[in-house]
Amino acid sequence: MFAFNVLVAVSLAYVVMLFLVAFLAERRAATGRANWVQSPIIYTLSLSIYCTAWTFYGAVGYAARSGLEFVTIYLGPTLVMIGWWWVLRRLVRIGRTQRITSIADLVSSRFGKSTLLGVIVTLICVVAATPYIALQLQSVTLSFSVFAQNAGETWGRSELNATAGWVAIGLAVFTVLFGTRNLDANERHHGIVMAIAVEAVVKLVALVGVGAFVVWGIAGGAGAMLDRIDASPVDLWDQSGGRWATLIFLSAAAFLCLPRMFQVLVVENADERHLRVATWAFPLYLFLMSLFVVPIAIVGLDLLPAGSNPDLFVLTLPLSEGRDGLAMLSFLGGFSSATSMVIVATIALATMVSNHIVVPLWFRLQNQEGAVMSGDVRQIILLARRLSIAGILALGFLYYRFSGGGTALAAIGLVSFAGAVQILPAMIGGIFWRGATRIGAAFGLVIGLLVWVWTLFLPSFGVDAVISQAVMDAGPFGINWLRPQALFGISGMDPLVHSVMWSMLLNTSTFIIGSLVSFPTPLERLQGAQFVNVLERSAGARAWTTAAAGAEDLLVMAQRILGSDEAQAIFQREVQHQGKVGYLPEVTPEFIERLERELSGSVGAATAHAMIGQIIGGSGVLVEDLIAVADEAAQILEYSNRLEAKSAEQERTARALRDANEKLTALSIQKDAFLSQISHELRTPMTSIRSFSEILGNPDIATDDKSRYAVIIQEEAVRLTRLLDDLLDLSVLENGQVTLQRQTGQMRDLLDRAVRASGVGGENLEIVRDPVSENVTLTTDLDRLGQVFINLIANARKYCAAEKPKLKISVKEKTDVYHIDFVDNGFGISPENQQMIFEKFSRVIDQSRAGGAGLGLAICREIMHRLGGEIGYLPGQYGTAFRVVLPKT
Amino acid sequence: MSGPPKPDIFLERTSYRQRRLRDAARLLPILGMILWAIPLLWPHSEGAENANAAATIYLFGVWVLLILLAAIISHLLRPDDETASDSKDDAV
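Protein chains in written order, with our numbering: chain H, 1 to 889; chain G, 890 to 981.
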């Protein structure tokens, strides 16, 4: 038997370990290595805050009192999880796209970023959660007292209260430390999530450990356990259908509506795909948590003395069997369940209170003083959160003190659930029905809250505590049909079923009727369309239509909320996105919308909208105008999107057409010029041939002349043939139809052949060469290259006007090309003609000496182009100089 | 060996299967509700030995079944095209 002090020491050590885990996880996340922290398993485990101390201790008590009914509390969430395709997928997507920070933010954001709805939902959540937090404090305190009793001292009321006070303070410190360290733009808390994942494992291990001990250690195996269950005097299956169905509905709805569940399900969700694992893994967790509840309850009832509290069987059973270690583990499990729930619940509630009550209030006060945005908003928000955390825990503690901590755990839990589910109609209606309006939601929520308070919450304090017995029996002021547990005179129902049925019925019908008869504001409609169509990836509706604000004002404001680093990073991203330089982006409607989302991740949609509105000024009117023009905002948007896409497409087509037209015109001009050139070139020889053949037809001419004329005709015919050959060659080259015949050979041989073929000899041209530098091996189309060389040498022969014409051919090897220069000692070519000479039919020097059609250099250029090289005029060489550039490979 | 299947038919079949899987994912919670409501119909005779063990085994058995089905369905469901063809869910 260990001393009570050991227990305290172990709990403290456990808390220190949690601190470390949370700290390390934060560190990892901060350094960007959060992959492991953000895994689907961690996500699933973090959902386990659904299993609070109420589950850990209370489920066994519940089973001991009401049999298998306890399992309904887990069946509901199981159905929600395996039905993720319906609701959760939608919620998570909305949460991500709209930067939702809490369930109050969801409802407020959906219904036109309404501050009023945010306040109502926050109030419901705080009222509903207070008893639940008290319940956690109570169970931790009770478990301490069990050990104290075991160690020989019996705790009185004052010791219990003191313990509860210390636990509350400890939890407040932990939550403030890790829940409000920074104002994250995504409202995610890696450290806390990691810590609760660890706690999830601890409580599962603890409960399964106790269960396994009971089944195999005490009962003697699974078969024996089943016999024992059958033999037990407790009737496990004594269900009225109404209560069974109501409880499953209640737990399913609460799973979605409880602020802490919304926090882990939606807000802390890092990746939508995690749902795919959680859809089966979380039901499995719940299954394991409930598997041993019945055995523990049955064996506890058998073994422990009559009158012992069944809510504490999980602790007292191992203790009575002398298993102190197991009892300690079980204690830590219960401690984990309670602390993780309280931490997440207080964070979620504090976020809601600060974003939806404190900040709007502060904001309004600031406005009245006329001081626009003075002071650091971050500090205000963080302070508000810290105070809210302390306040919520204080409320829970007070509830614990005044309720006396006597009621059965399960009863308190269900009262709390029934309060939280009042948000369900507004939430489900909001994400599935575009017609839902703010007014409908507000009335529905208020009616639901009132009915719940009157029929369940106030009576739960006990008879005569708040509502006197007389009122219970006869109704307030004698109005019979308003009796808290028999509304409209329908008596005899189970109080819980009665309350849930009436509150949901009245809530939902008020919500629907209110929505049907009221008219939504434009912003509501825009938000409604975005929420309902979130899965269709529609383009976001734009609430901001003008950009009157200066980027600098926006930056100043964003810095006050997000901190300067974060804000500057957002602005910098936008600058890059817009393709600008500098620090301030263009204030486009898209940018304002994005910025508002970022801000709403920190302060909630309503506040962010109001803040931006203050700087932009009067956006609401513009939206009104926008929608006044046409009926449905989404329709306009879709239509204009379609128009935009269409007009963009048309513009593209028009541009392409214009380009094509220009090209065609240019081509046609070229073709005309070419044709006229060609006909000119063909006409000259044809004219000579015709006239001389006419003369030949005259019988009087001398034989001498005859043969002379025949020679002329033949020469002209040869010239024509050459011209046509050149044309054909050029056309083949230009169309890319030529196939290159790659061969390997020596540069020197190639030049030798070219010199020979170009008809150089004797006096007409002296060729100067450097045989050593020509000693290179080429792999290319040698015939084509040779054609280029021949052309260049022949040109020199034809056009070089020096007295003693000389052509210097030099070969130089560069890194990946060869330069072959052909330089003669002529007059060179004037700069204005240097570009022209490569064009078709261009001839610089007078026609008579040409003997060609002026296609030679054009062909050379085309050939070199095909060979991957180039040919150009080389200026500054005291003569006509051409450089051929040939790639080595 | 027959030739490779025509890609068109193959794609059609995959997306058809995906759509039916989505239907299955939607129907699973309804199946759960029905199965867990069935014990309410069990005859509950006075004085007879209670159905403790049977009820427990039934409830937990259904639970395991649902977990397995959910795991299988979520494993087969492809998230990639869920948005692309979500609006065409009813198409066959």
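In case anyone wonders, no lab produced these hints; they're calculated from the structure.
The beta-carbon is built from N, C-alpha and C at its ideal position, and this holds for glycine as well.
Don't take each hint at face value.
To be verified - Here are a few chain H residues that sit away from chain G, every Cβ distance over 12 Å (derived from the structure):
| id | residue |
| --- | --- |
| 1 | G67 |
| 2 | T78 |
| 3 | W85 |
| 4 | A151 |
| 5 | L226 |
| 6 | L236 |
| 7 | Y709 |
| 8 | S773 |
What the hints assert, rightly or not - One-sided and incomplete, this derived list gives chain H residues near chain G with beta-carbon spacing under 7 Å:
| id | residue |
| --- | --- |
| 9 | L68 |
| 10 | A222 |
| 11 | I229 |
| 12 | W237 |
| 13 | G241 |
| 14 | R276 |
| 15 | T279 |
| 16 | W280 |
| 17 | L284 |
| 18 | F287 |
| 19 | L303 |
| 20 | G307 |
| 21 | L398 |
| 22 | D729 |
Cross-check of the supplied hints:
Not every CB of chain G lies more than 12 Å from the CB of G67(H), the least distance being 8 Å, so the non-interface label is violated. Listed as a non-interface residue, T78(H) fails to keep its Cβ farther than 12 Å from every Cβ of chain G; the least gap is roughly 7 Å. For W85(H), the condition that its CB be more than 12 Å from all CB atoms of chain G is violated, with the nearest at approximately 4 Å. Every CB of chain G is more than 12 Å from the CB of A151(H) (nearest about 36 Å), matching its label as outside the interface.
With a least CB separation of 5 Å from chain G, L226(H) falls inside the 12 Å interface cut-off, contrary to its annotation. Distance to chain G contradicts L236(H) as a non-interface residue, since its nearest Cβ pair spans about 4 Å, not more than 12 Å. In this structure Y709(H) is separated from chain G by more than 12 Å, as the shortest Cβ-Cβ distance comes to about 75 Å. Here S773(H) stays apart from chain G, with its beta-carbon at least about 60 Å from theirs, past the 12 Å limit.
Nearest Cβ of chain G to the Cβ of L68(H): about 6 Å, under the 7 Å cut. The hint holds. A cut of 7 Å between beta carbons decides the hint on A222(H): the least distance to chain G is about 11 Å, and the hint is violated. At about 5 Å, the closest approach between the beta carbon of I229(H) and any beta carbon in chain G falls short of 7 Å, and the interface hint on this residue holds. With its C-beta approaching chain G no nearer than about 4 Å, W237(H) sits inside the 7 Å limit, and its interface hint holds.
Because the smallest distance between the Cβ of G241(H) and any Cβ of chain G comes to about 5 Å, under 7 Å, the interface hint for this residue holds. With a cut of 7 Å, the hint placing R276(H) at the interface with chain G holds, because the nearest CB-to-CB distance is about 4 Å. Of the supplied interface hints, the one on T279(H) holds, with its beta-carbon coming within about 5 Å of a beta-carbon of chain G, less than 7 Å. Nearest Cβ of chain G to the Cβ of W280(H): about 4 Å, under the 7 Å cut. The hint holds.
The beta carbon of L284(H) comes within 5 Å of a beta carbon in chain G, closer than 7 Å, and the hint placing it at the interface holds. Hint status for F287(H): holds, given a least beta-carbon distance of 5 Å to chain G, under 7 Å. With a cut of 7 Å, the hint placing L303(H) at the interface with chain G is violated, because the nearest CB-to-CB distance is about 18 Å. Using the Cβ-Cβ criterion of 7 Å, the hint placing G307(H) at the interface with chain G is not satisfied: the shortest such distance is roughly 23 Å.
Interface restraint check for L398(H): the shortest CB-CB distance to chain G comes to about 39 Å, outside 7 Å, so the restraint is violated. Annotation: D729(H) was flagged as interfacial toward chain G, and the flag is violated, the nearest CB pair being 47 Å apart, outside 7 Å.
Hint violations for this structure: numbers 1, 2, 3, 5, 6, 10, 19, 20, 21 and 22, all remaining hints satisfied.
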